[in-house]
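Protein chains in written order, with the working numbering: chain A, 384 to 797; chain B, 8 to 601.
Quick caveat, the hints were computed from the structure, so don't treat them as lab data. Accuracy of the hints is not assured; some may be wrong.
Unchecked claim - In silico contact screen, one side only, chain A against chain B (beta carbon under 8 Å); selected entries:
#1 Ser647
#2 Ala705
#3 His712
#4 Tyr714
#5 Arg716
#6 Gly743
#7 Ala751
#8 Thr754
#9 Thr756
#10 Ala761
#11 Ser765
Unchecked claim - Listed next, the in silico BS3-like pairs over lysine-lysine satisfying Cα-Cα at most 27 Å (straight line):
#12 B:Lys363 with A:Lys688
#13 B:Lys298 with B:Lys487
#14 A:Lys430 with B:Lys13
#15 B:Lys204 with A:Lys680
#16 B:Lys222 with B:Lys487
#17 B:Lys487 with A:Lys688
#18 B:Lys222 with B:Lys185
#19 A:Lys475 with A:Lys409
Keep in mind that this is a model prediction, so the values were computed, not measured. C-beta atoms are modelled at their ideal positions from N, C-alpha and C, and glycine is treated no differently.
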Amino acid sequence: MKAFVIATLALFSSCSVSAAQTDLIKQGQYLARAGDCVACHTAKGGKPFAGGLAMETPIGVIYSTNITPDKTGLGDYSFADFDKAVRHGVAKSGSTLYPAMPYPSYARVSETDMQALYAYFMNGVEPVAQANQDSDIPWPLSMRWPLAAWRWMFAPEVAGYQAPAGADPVISRGAYLVEGLGHCGACHTPRALTMQEKALSASQGTAFLSGSAPLEGWIAKSLRGDHKDGLGSWSEEQLVQFLKTGRSDRSAVFGGMSDVVVHSMQYMSEDDLNAIARYLKSLPAVDPKDQPHQYDKQVAEALWKGDDRQPGAAVYIDNCAACHRTDGHGYTRVFPALAGNPVVQTADATSLINIVLNGGTLPATHTAPSTFTMPAFAWRLSDQEVADVVSFIRGSWGNQGAPVKAGDVADLRK
Amino acid sequence: MATIMKKVDAVIVGFGWTGAIMAKELTEAGLHVVALERGPMQDTYPDGNYPQVIDELTYSVRKKLFQDISKETVTIRHSVNDIALPNRQLGAFLPGNGVGGAGLHWSGVHFRVDPIELRMRSHYEERYGKHFIPKDMTIQDFGVSYEELEPFFDYAEKVFGTSGQAWTVKGQLVGEGKGGNPYAPDRSSHFPLESQKNTYSAQLFQQAATAVGYKPYNLPSANTSGPYTNPYGAQMGPCNFCGFCSGYVCYMYSKASPNVNILPALRQVPNFELRPNSHVLKVNLDSSKRKATGVTYIDAQGREIEQPADLVILGAFQFHNVRLMLLSGIGKPYDPISGEGVVGKNFAYQNMATIKAYFDKDVHTNNFIGAGGNGVAVDDFNADNFDHGPHGFVGGSPMWVNQAGSRPIAGTSNPPGTPAWGSAWKRATADYYTHQVSMDAHGAHQSYRGNYLDLDPVYRDAYGLPLLRMTFDWQENDIKMNRFMVEKMGKIAEAMNPKAIVVLGKKVGEHFNTASYQTTHLNGGAIMGTDPKTSALNRYLQCWDVHNVFVPGASAFPQGLGYNPTGLVAALTYWSARAIREQYLKNPGPLVQA
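Just chain A, same shape as in the assembly (with noise of 0.2 Å):
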């Protein structure tokens, strides 16, 4: 009987290729998927990296480009030209390309490593015949100079990541991925009303990785070491965890993060993941006055006793307990916990409110294939509970989450 073989890496060059250039290639992939570009490159149910995948910007709708190396892709790219856009956010037609590409983050990536993301795209991955779209962005906001003139105000100079004298060399991996080809900033860090990130690196002041607006109804949350709504509370180890399967012993992935983790961060080496993660707890609070969670039993206490006249406190025993508990802690791994928890007590309530009317399911990874899903209540709780459930939330067992109102609620119902 035939044993089924799986290909690890297909090769869709035409001519033969060294020992050394497969590794090349290898090691493109690897940083393909930790730069995560199939994300954006992959249009909903498309081939990877033949683009078409449309991305709401403020002037309108503009769609991502076909990578393959087919010649309606990169197919005719030099390594200059690749580059040129990569880094320095140029197309090879010389017209600038919408930030929504991150060159001003993949400006750090070193030379080495665009030569081996080079290697891949020509050599690793299908030619994908398929042209690229224009955007729907009408004129004069379509007119692509004032582009260049926003490359020349915001995007840093091109320059391999450099690490500061004496600094961890684990600490420096870790910027040098999510500074650069991680480009976590895109979404964690809060942009200027002229849509540039407020800060590119740690360097560049409290603001990098301090959390966003929201984006497609979700907030990408404060990477920072805040204590209330940021990464205070994680350890390293529940970072790696977290990035590995999108789980830890009390959190969960949801949101735009899902993808990250499904595309991108499952497949980081643990090294990296250590890197990551140190890196990332060794950014200060920005609350100067920041303190750890204090558990408060008060709430739990009265739930215990069948006292639930506190507003949402029935809504939660009916709908949220039986998996998160009257005491807010969850169950290891598998239902996370609220009390203390970053996620819930984020100035901006949307991803919480969100995550009531619509639910969310925790997807699988290679090694936690378990998905959890968290069930929809919009059908079932007026705008009026969900504030009283979410408000309850932000405010029970120690959590210091400003209270919502039920029109935030109905601002989000689709």
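Using the hints provided, position chain B relative to the given structure of chain A.
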């Protein structure tokens, strides 16, 4: 003309426990595996979505997860002298349908086996002599021992995330005073999870059983006592005793099922494909009739599809496995007159008795909570744990309180003499709903010459194929045993000092009633054994006649067990898979020479 699919290494018919276990094992061995499930895709989400799944009308009453008998059912008669009629409403047993099969809607009582029940005929003949077993009782040995199966019981429990208390581990006493079962055979390791907590009614049973001199223990349960990650990386949540277990999809991910415990891992491998809505009509054989070439099935669009394969696993429900063998011409059909032939032989069931005890209002049993696998049991009258000599019957029975949750429609039970409707009924329901304890004797059932399965000569299914015909009735041995067990369990009930007791046992001359639920523990029809003249499968669940067809499931049991069958079904499937992986794939052919 059937569409012919690309050949695969193995095709599996049915995706319940046995199909899922085989799929996992064979993909691990590198085979390309396709599983065909005749029902729809089902999973915790959306089918077990909270709170929609907490719906007794949809699930228990309208039988959402069970087989659709408008397309295919069985015909039933009590003896060869009767005319069998189609079963038009599920009652006595509830076969599953869809991905997960009965493994999605089961309760979760997860036993091993009492070792003597694997060598039933030899053991009884050795202890009680050649003439103790009645002449028409056709019990046999399985052909495999507990010691051989122990590693596979152990592994299955780790996959299922089973909660329980060991009595001995590698010969060391560990379970005394902690809820271990002194009659349980030795184990190589502890249960993966500690026992679930006991409900109050189970605690009452425990105290009463101890008072009358029995030895109570915690039921081993495939409902989790805490969060759990199994060897496949699949995770389970903790059981919260919601009371909606049997007949429902578990919304807490806490009842073991193929869907929760195995399918997530299979979804991660490229050499596995699950095709729901694929109804297999037959196994195709080559011209020699000694080798299968694949199966033919009807897909969701009603098209006839042929799936060629080197290996065919029949992993459907017990009687569907038997019917597929009969429809495909695998093995010689059993003839009850001559006693010859093997397919359809030794069809056996379960032999249940129930006692309900009603209490005053100061005894709060809170019957609305419960977990399907949870409870306290005694084995003092199970298997051959007592001397059968003076009693003149074969078989034993565990007894237990297994409070699985009394739901509002079916869960109302009142003391004898209460009117069945009106204000007196309402008053009694209000008085007794949370003040009663129900206990069962879950008796073993033996096989007999006259209880068997064959193809019905008259009735056909939606595809024009003959229905399976059950010829089945209770025998004198069954009634004797049932009455004995009622007497022994009655002592426990009395020791609880209830206000009233109701006994639901079998009466002399009683016939099999298709309308009243017993269990879904149907056994036999494609039994394993050591002799091709008296069994359809060898000890590795391989067909004697067609070496590339394996048939795991309770269809392989030569008679029914005192315990619930799923634990043995799972262990035998792992045992069979090991033989396929280590022996068959290297040298395809009969694993036992006839």
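Hints, one by one, checked against the model:
For Ser647 of chain A, the interface hint is violated, since its Cβ never comes within 8 Å of a Cβ in chain B; the closest pair sits about 17 Å apart. Look at Ala705 of chain A: its Cβ gets to within about 6 Å of chain B, closer than 8 Å, so that hint holds up. Annotation: interface hint on His712 of chain A violated; nearest CB of chain B at approximately 12 Å, more than 8 Å. Interface restraint check for Tyr714 of chain A: the shortest CB-CB distance to chain B comes to about 5 Å, inside 8 Å, so the restraint holds.
Checking Arg716 of chain A against chain B by beta carbon gives a least distance of about 6 Å; that is within 8 Å, so the hint holds. Residue-level restraint check for Gly743 of chain A is violated (minimum Cβ-Cβ distance to chain B is 10 Å; threshold 8 Å). The closest approach between the C-beta of Ala751 of chain A and any C-beta of chain B is roughly 6 Å, which is under the 8 Å cut-off, so the hint is satisfied. Satisfaction of the interface hint for Thr754 of chain A is found here, the shortest Cβ-Cβ separation to chain B being roughly 7 Å, below the 8 Å cut-off.
Checking Thr756 of chain A against chain B by beta carbon gives a least distance of about 4 Å; that is within 8 Å, so the hint holds. This hint is violated: Ala761 of chain A has a C-beta 13 Å from the nearest C-beta of chain B, more than the 8 Å allowed. For Ser765 of chain A, the interface hint is violated, the least distance from its beta-carbon to any beta-carbon of chain B being 16 Å, above 8 Å. Proposed proximity of Lys363 of chain B and Lys688 of chain A is contradicted: the alpha carbons are some 32 Å apart, above 27 Å.
Restraint check for Lys298 of chain B and Lys487 of chain B: not satisfied, since their Cα atoms lie roughly 45 Å apart, outside the 27 Å limit. With a C-alpha separation of about 24 Å, the suggested pairing of Lys430 of chain A with Lys13 of chain B holds against the 27 Å cut-off. Between the alpha carbons of Lys204 of chain B and Lys680 of chain A the distance comes to roughly 24 Å, so the proposed pair stays at or under 27 Å and holds. Note on Lys222 of chain B and Lys487 of chain B: the hinted pairing holds, with a Cα-Cα distance of about 23 Å set against a maximum of 27 Å.
Restraint check: the Cα-Cα separation between Lys487 of chain B and Lys688 of chain A comes to about 51 Å, which exceeds 27 Å; the hinted pair is violated. Of the supplied pair hints, the one linking Lys222 of chain B and Lys185 of chain B holds, its CA atoms being roughly 12 Å apart against a limit of 27 Å. Taking the CA atoms of Lys475 of chain A and Lys409 of chain A, the gap is near 25 Å; set against the 27 Å cutoff, the hint holds.
Violated hints for the displayed structure, listed by number in ascending order: 1, 3, 6, 10, 11, 12, 13 and 17.
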